[in-house]
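Modelling step: build the complete structure from the supplied sequences, incorporating the hints.
There are 2 protein chains.
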Amino acid sequence: MQKKYLTIYDDLVKKIKGKEIPVNTMLPSENELTVQYETSRETIRKALNLLSQNGYIQKIRGKGSIVIDVHKFSFPVSGIVSYKELSKQLHLSSKTIVQELGFIKEDEEIGKELDTTLEHVWKVIRTREISGEKIILDKDYFNNQQVPILTKDICENSIYEYIEGQLGLTIGFAQKEIVVEEPTEEDRRYLDLEGFSNIVVIKNHVYLEDTSLFQYTESRHRPDKFRFIDFARRIQG
Amino acid sequence: MQKKYLTIYDDLVKKIKGKEIPVNTMLPSENELTVQYETSRETIRKALNLLSQNGYIQKIRGKGSIVIDVHKFSFPVSGIVSYKELSKQLHLSSKTIVQELGFIKEDEEIGKELDTTLEHVWKVIRTREISGEKIILDKDYFNNQQVPILTKDICENSIYEYIEGQLGLTIGFAQKEIVVEEPTEEDRRYLDLEGFSNIVVIKNHVYLEDTSLFQYTESRHRPDKFRFIDFARRIQG
DNA sequence: GAGTGGTCTAGACCACATC
DNA sequence: ATGTGGTCTAGACCACTCT
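Chains as they are written, first to last, in the UniProt record's numbering: chain A, 1 to 237; chain B, 1 to 237.
Where hints are given, some of them may not hold.
Now the in silico label distances, taken between C-beta atoms and shown as ranges [to be verified]:
(1) A/Gly64 / B/Glu186: 36 to 44 Å
(2) A/Asp210 / B/Glu30: 13 to 21 Å
(3) B/Lys4 / A/Leu101: 47 to 55 Å
(4) A/Glu177 / B/Glu186: 23 to 31 Å
(5) A/Gln146 / B/Val35: 22 to 30 Å
(6) A/Gly102 / B/Val35: 50 to 58 Å
(7) A/Ile60 / B/Glu42: 21 to 29 Å
(8) A/Val35 / B/Pro148: 25 to 33 Å
Honestly, the hints are just simulated from the structure, not real lab data.
Backbone N, C-alpha and C define an ideal beta-carbon position, used for all residues, glycine too.
Set out below in structure tokens:
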């Protein structure tokens, strides 16, 4: 049995995306929805809060909930966190080339950040090619206790689906940092940098549900193809 | 009377920041907190969900809520939306210089995006100087129906505090976009760009509670001083 | 005054972790 | 078996908007 508030959320998203409930119109009131879905008001409110957090509606006290259209903008690298979402976005018409796959050498700093008790840390370097140009350099580091096996084949498809699907690991939270750096020798070797003198770096720390650091990722983008969109709600109260 | 779940949230944040509840320790259980704060469990859960969303704790089913330390990293330009937060961050040891203040000319595109029925749209250009260098160029556009008066003095201090405090407007949500562009003539005139050939642009659309677009802001940063941090939780379920 | 969303309660059952 | 967080209920009162 699916969670009730999620089925209601999914149903409303479907109706909004299918224009059954058009942008700039009001949703039925919370009391009306409790009747339609035969549930309690708090459950309806959980569904509506999800819609609000994800940018589908704006709730207005005393009036109702209005459908907004922030979603008409695409979300290339948004405030994600599901691996499935991430992989969907990264694989939009892009070709992946595995450049390196193995364990890190002992002198690399990242080994200290990931769990210190382990002997080996996976290191994967991949380039993303979009319409014939190598635009993105992805460097992934995994704890090999949680990810025992990693093949070139897995890396060419989706590491994320493998981790969530095959390994069944659950992500707790992630912290992302965006900075601009000068290209390294490695960037110049693996990317079609042309004349660009800067590179946009997205550093991502991924933690498991038990709060242990599980993965560190650097996604290095050519600046002309980089775009980040973020949707934020006002602080509660 | 302050909302109960907010006072509980504030109290727990204070205790976490004051190390009274140290990082990597468990919070009291939800049932215990209902006794401590003399309230219902759902109210406690609202407070804990806020803590979780803001990166203070990680909830683990069957075990409890653990205090995490994502907040040890500073949040220079995070996924905020309160004007007070924004202004606090922007004014950290920075000097503000108002370069231009007036109404836009008719040919500027932004006039179409903001409400079309109005005759005038405020345009403010300011530079932020940090340790003697002009690093950030802020271009703000306001609807003059909601912001009738704007002086150089207000702009030099905090426009945001003026809007929330004096005008009493309530922000609904915001959409932020980050891209990298080549510097314009304006950038070169107002900023200490030295040799940099790229500029990081944060485009911000701010909407009021009634979903009308109220402000558009471009914050143009020299790439070497730019840093963006984002904290994200996993999708519910 | 009627209708809306925001907060709060007291209780219930469930899934999961631990011992 | 006990304790934890996750979901759900049925009802209450409040602040706000609109007519």
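Here is what the structure says about each hint:
1. Between A/Gly64 and B/Glu186 the Cβ separation comes to about 43 Å, which falls inside the hinted range of 36 to 44 Å.
2. With their beta carbons about 19 Å apart, A/Asp210 and B/Glu30 fall inside the hinted range of 13 to 21 Å.
3. Roughly 53 Å separates the CB atoms of B/Lys4 and A/Leu101, a value that falls within the hinted 47 to 55 Å.
4. Under the hint 23 to 31 Å, the C-beta atoms of A/Glu177 and B/Glu186, about 28 Å apart, fit the expected range.
5. For A/Gln146 and B/Val35, the hinted distance range of 22 to 30 Å is not satisfied, since their beta carbons lie about 38 Å from each other.
6. Separation of A/Gly102 from B/Val35 is about 54 Å and conforms to the stated range, judged on CB atoms against 50 to 58 Å.
7. Hint check: A/Ile60 to B/Glu42, Cβ distance near 23 Å, so the stated range 21 to 29 Å holds.
8. Hint check: A/Val35 to B/Pro148, Cβ distance near 44 Å, so the stated range 25 to 33 Å is violated.
Taken one by one, the earlier hints fail for this structure at numbers 5, 8, listed in ascending order.
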